[in-house]
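A.B. asks: Sequence:
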Amino acid sequence: MGIRVNPQSLQLQLERANALDRASLKFHKLLLNNVLPQTMGGGIGQSRLCMLLLKKCHIGEVQSSVWPQSTLDTCAEANVFLF
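Going by my numbering, the residue at position 31 of the sequence shown is 31; the numbering climbs one at a time, nothing skipped.
Calculated directly from the structure, the hints in this document are not laboratory data.
Keep in mind it's a predicted model, so treat the numbers as computed, not measured.
One or more hints might be untrue.
As the list claims (entries may be wrong) - SDA-like, lysine to any residue: derived pairs with alpha carbons at most 20 Å apart:
id, residue 1, residue 2
1, K26, L10
2, K55, C75
3, K29, L10
4, K56, Q38
5, K29, G45
6, K26, Q8
7, K55, A78
8, K26, Q13
9, K56, K29
10, K26, S9
11, K26, L12
12, K29, K55
13, K55, N18
14, K55, E77
15, K56, L82
16, K56, N79
17, K55, K26
18, K56, Q46
19, K29, S9
20, K29, V5
21, K26, L14
22, K56, T74
23, K26, Q46
24, K56, C75
25, K29, P7
26, K29, A19
27, K29, Q46
Claimed, not checked - DEER-style ranges, computed between Cβ atoms:
id, residue 1, residue 2, range
28, K56, N18, 38 to 46 Å
29, D21, F83, 44 to 52 Å
30, V35, L12, 15 to 23 Å
31, T74, Q11, 36 to 44 Å
Idealized CB from N, CA, C, for every residue including glycine.
When you get a sec, could you build the whole thing from the sequences and use the hints?
C.D. replies: Shown next, in the form of structure tokens:
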């Protein structure tokens, strides 16, 4: 998936990473100058594609994450095993 940023968050990331020189790169410059939309998302949704191909009902069956206890309990009751 693509990284979603807006001009302000990109500027902050560059400052925190001590990488302000990257502001001159084409993508960075276009985003910082509001030429590109504020968010760039992307990818084909690999996890959701895996869900479809593997016939899974919860995204946690194909990708790992931290799930709330209520989600874990509900899935366990339905015999849905999360990563």
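A.B. asks: Does each hint hold? Answer for all of them.
C.D. replies: We went through each hint and held it up to the structure:
Proximity of K26 to L10 is assessed by CA-CA distance (about 13 Å); at most 20 Å being required, the pair is judged to hold. A distance of roughly 15 Å separates the Cα atoms of K55 and C75; the hinted pair therefore holds under the 20 Å criterion. The straight-line distance between the Cα atoms of K29 and L10 is roughly 10 Å, inside the 20 Å bound, and the hint therefore holds. Our distance criterion of 20 Å between C-alpha atoms is broken by K56 and Q38, whose separation comes to about 33 Å.
With a C-alpha separation of about 27 Å, the suggested pair K29 and G45 falls outside the 20 Å cut-off, and the hint is violated. For the hint pairing K26 with Q8, the CA-to-CA distance comes to about 17 Å; that is within 20 Å, so the pair holds. With a CA separation close to 15 Å, the supplied pair K55 and A78 stays within the 20 Å bound. Proposed proximity of K26 and Q13 is supported: the alpha carbons are some 16 Å apart, at most 20 Å.
Between K56 and K29, the direct Cα distance comes to roughly 41 Å. Violation of the 20 Å bound is thereby established for this hinted pair. With a CA separation close to 17 Å, the supplied pair K26 and S9 stays within the 20 Å bound. Taking the CA atoms of K26 and L12, the gap is about 18 Å. The hint holds against a cut of 20 Å. At most 20 Å may separate the alpha-carbon atoms for a hinted pair to count; K29 and K55 exceed this at roughly 42 Å.
For the given pair, K55 sits about 44 Å from N18 by alpha-carbon distance, which is inconsistent with the 20 Å threshold. A C-alpha spacing of about 18 Å is found between K55 and E77, which places the hinted pair at or below 20 Å, so the restraint holds. Simply put, K56 and L82 have alpha-carbon atoms about 10 Å apart, close enough for the 20 Å limit, and the pair holds. At roughly 12 Å between alpha-carbon atoms, K56 and N79 fall within 20 Å of each other, so this suggested pair holds.
With a CA separation close to 41 Å, the supplied pair K55 and K26 exceeds the 20 Å bound. In summary, the hint linking K56 to Q46 is supported, as the alpha carbons are separated by about 13 Å, within the 20 Å threshold. For the given pair, K29 sits about 13 Å from S9 by alpha-carbon distance, which is consistent with the 20 Å threshold. Between K29 and V5 the CA atoms are separated by roughly 13 Å; this keeps the pair inside 20 Å, and the hint holds.
At most 20 Å may separate the alpha-carbon atoms for a hinted pair to count; K26 and L14 meet this at roughly 14 Å. Using a Cα cut-off of 20 Å, the hinted pair K56 and T74 holds, with the two alpha carbons roughly 15 Å apart. Proposed proximity of K26 and Q46 is contradicted: the alpha carbons are some 27 Å apart, above 20 Å. Proposed proximity of K56 and C75 is supported: the alpha carbons are some 12 Å apart, at most 20 Å.
Straight-line distance between C-alpha atoms of K29 and P7 comes to about 9 Å, which keeps the hinted pair within the 20 Å bound. Only pairs whose Cα atoms come within 20 Å are accepted, and K29 paired with A19 is accepted, the gap being roughly 13 Å. Proposed proximity of K29 and Q46 is contradicted: the alpha carbons are some 29 Å apart, above 20 Å. Taken as a hint, the range 38 to 46 Å holds for the pair K56 and N18, whose Cβ atoms sit roughly 42 Å apart.
Against the hinted window of 44 to 52 Å, the Cβ-Cβ separation of D21 and F83 comes to about 38 Å, which falls outside the hint. For the pair V35 and L12, the beta carbons lie near 19 Å from each other, so the given range of 15 to 23 Å is met. Distance hint check: the CB atoms of T74 and Q11 are about 41 Å apart, consistent with the given range 36 to 44 Å.
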